[in-house]
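A.B. asks: Chain by chain, the residues run as shown.
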Amino acid sequence: MTIQQVIFLLVALATLGSALKVVTTGNLVRAALWLVATLFFVAVIYALLNAGFLAVVQVVIYIGAIAILFIFAVMLTRSDQRDRGPQHNRGWWVGALVALLAFAALLVVLVGSGQFARLAPELPEGFDAVALLGDALISADAYVLPFEVASVLLLAALVGAVYVAFSRR
Amino acid sequence: MQEFLTDPLKVAADWLIGVLGAWGMPAAAAIVLVSFLGIFLLIALLMLVDIFLVWVERKVVARFQDRLGPNRVGPFGLIQPFADIIKLLIKEDITPSVADKVVYNLAPMLAMMAVLMLWAVVPLAPVILSVDLNVGALYLIAAGAISTLAIIMAGWSSQNKYALIGAFRQVAVLVSFEIPMVATLLIPAILAGTMGLNGIVQAQDTWFVFLAPLGALIFLIAAIAELGRVPFDMGEAESEIVAGFNVEYSGMKFGMFYASELLHAFTFGGFWMIMFFGGYRFLGLEKVSPFLAVAVMLAKAMLGYWVIMWVKYTMMRIRIDHMLAFNWKFLTPLALLLMLVMAFLHVLLRDASGLLYGASMFGANVIIGLVALEAARRHSRRERVRVSRPAEGQPAGA
Numbered sequence: 001m002t003i004q005q006v007i008f009l010l011v012a013l014a015t016l017g018s019a020l021k022v023v024t025t026g027n028l029v030r031a032a033l034w035l036v037a038t039l040f041f042v043a044v045i046y047a048l049l050n051a052g053f054l055a056v057v058q059v060v061i062y063i064g065a066i067a068i069l070f071i072f073a074v075m076l077t078r079s080d081q082r083d084r085g086p087q088h089n090r091g092w093w094v095g096a097l098v099a100l101l102a103f104a105a106l107l108v109v110l111v112g113s114g115q116f117a118r119l120a121p122e123l124p125e126g127f128d129a130v131a132l133l134g135d136a137l138i139s140a141d142a143y144v145l146p147f148e149v150a151s152v153l154l155l156a157a158l159v160g161a162v163y164v165a166f167s168r169r
Numbered sequence: 001m002q003e004f005l006t007d008p009l010k011v012a013a014d015w016l017i018g019v020l021g022a023w024g025m026p027a028a029a030a031i032v033l034v035s036f037l038g039i040f041l042l043i044a045l046l047m048l049v050d051i052f053l054v055w056v057e058r059k060v061v062a063r064f065q066d067r068l069g070p071n072r073v074g075p076f077g078l079i080q081p082f083a084d085i086i087k088l089l090i091k092e093d094i095t096p097s098v099a100d101k102v103v104y105n106l107a108p109m110l111a112m113m114a115v116l117m118l119w120a121v122v123p124l125a126p127v128i129l130s131v132d133l134n135v136g137a138l139y140l141i142a143a144g145a146i147s148t149l150a151i152i153m154a155g156w157s158s159q160n161k162y163a164l165i166g167a168f169r170q171v172a173v174l175v176s177f178e179i180p181m182v183a184t185l186l187i188p189a190i191l192a193g194t195m196g197l198n199g200i201v202q203a204q205d206t207w208f209v210f211l212a213p214l215g216a217l218i219f220l221i222a223a224i225a226e227l228g229r230v231p232f233d234m235g236e237a238e239s240e241i242v243a244g245f246n247v248e249y250s251g252m253k254f255g256m257f258y259a260s261e262l263l264h265a266f267t268f269g270g271f272w273m274i275m276f277f278g279g280y281r282f283l284g285l286e287k288v289s290p291f292l293a294v295a296v297m298l299a300k301a302m303l304g305y306w307v308i309m310w311v312k313y314t315m316m317r318i319r320i321d322h323m324l325a326f327n328w329k330f331l332t333p334l335a336l337l338l339m340l341v342m343a344f345l346h347v348l349l350r351d352a353s354g355l356l357y358g359a360s361m362f363g364a365n366v367i368i369g370l371v372a373l374e375a376a377r378r379h380s381r382r383e384r385v386r387v388s389r390p391a392e393g394q395p396a397g398a
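Quick note, the sequences are listed as chains A and B, same order. Using the numbering used here, read the first sequence as starting at 1 and increasing by one per residue. Using the numbering used here, read the second sequence as starting at 1 and increasing by one per residue.
Misleading hints may appear alongside valid ones.
Unchecked claim - Facing chain A, according to a computed beta carbon distance under 7 Å, are these residues of chain B, among others: (1) Val32; (2) Val135; (3) Tyr139; (4) Trp156.
Keep in mind the hints are simulated off the structure, nothing from the lab. Just so it is clear, CB atoms sit at the ideal spot from N, CA and C, and this is done for glycine as well.
Construct the complete structure from the given sequences, taking the supplied hints into account.
C.D. replies: Shown next, in the form of structure tokens:
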């Protein structure tokens, strides 16, 4: 086993462990903090796959914005921060089943592809993934349309959020 | 020996790996061990610098306030930080009985970690750097997200209303000032054609501050807000909310917050210099020896740190609503506009002569800056009139 594989296995275990803690922790803020840990380990996996840009963006967006927003919302809406409630509703087994099915499907696809134990390929010298990604996002024969549509969608969401929150005094 | 003088880190690492290999350690394991050793060495050096920074900060604030500062222990009071550390270590370590113990103890560590993480991408010299990440500028923002998290954890786990208010305020500031910071970070990235910090430094044959003086200024303002220092110290604000998010911390745990704040300021002073003032480059000294480059980089970082201290000790705290309005209504549009104009000019004039390119970049910055200042002046004049007149339907002074 190479060092890369050892690190991957450790990080993957940490990801799964903290993901499990997200759903089993009773305290909401603590669960959100476990979610932060999960997201961080996912970023580490991206970094292991030579996707540095994706890893950094994962941390900026998911930890810096989304998780902070979660924690904010929980703190503002709960009067007692040690508040503990029931963790499951009656539909918990449906969620577990869907998760298991998704895992099984992914496993079948991955094993079937015959590249289950492949390592991340060595990148050639001078390979600039960020520049390639940037070019792909603005070139007409690549992803310019989805990129622009997504930005329009985000703008609409932004305007909507301002409209909902705005109150004329 | 010659090689050691031109590329010390690589020679030292190769030598160590060779020694470990001779002892029978597999090559891959030796590389991992040496990497960890390098990280450990960097962190140890940074912590030493941090101890020294306590002295620097106290001495400089004393000069600004027309005092002498620490001068009793050792020459120029240089032993003072060690006395401080001993004091912090023997203080009672208090944990509030209702606190969330794990999160409470984790927060100071995370605050320190977020700062130390930043140094992974700092190029101290062309060959002395931990990793030349091709998304270095963005990495800065990512590490900032971790320090935001540390503050929110400290505020929440203390179970103290002042701590919670402090954390809320600080996070509001951090999240909003991140946007002008990203926009201005993109300016050096556009000019250099890369987001890697080493590449940005290498591209600065003319310092970017001459091409984008306004960008450098906005970056400094956003950096000070990111540090949570006066005039943006919403999270601590001793005179309003006692000490904000770290009110419940005592002894060395408070010391960790304090030390991380100082090192953070020093680090951002360094980043300011890397982005706009040529990093380790100064009159070709960096080509002579990497050790000289390190000295230049550290001296420049200290200069940046001094500017941040200068602002801190000569300004008053701004009210939080003013500060958020300043960010969202003034700094963010300004930074975005500047970034767009710079990108446009860069593409337009890339092949023009150096003089024309430089002059139009500088000119664009000055014009945008003057227009923005004029707009801000008019706005504040209107505001002053509005505030001085009691609103209709409300009793005066309400």
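A.B. asks: It remains to establish, for every hint, whether it holds in the given structure.
C.D. replies: Structure-based check of all given hints:
1. Val32: holds (6 Å)
2. Val135: holds (5 Å)
3. Tyr139: Tyr139/B check passes; min Cβ-Cβ to chain A is 5 Å, inside 7 Å.
4. Trp156: holds (6 Å)
Hint check: no violations occur; every hint is consistent with the structure.
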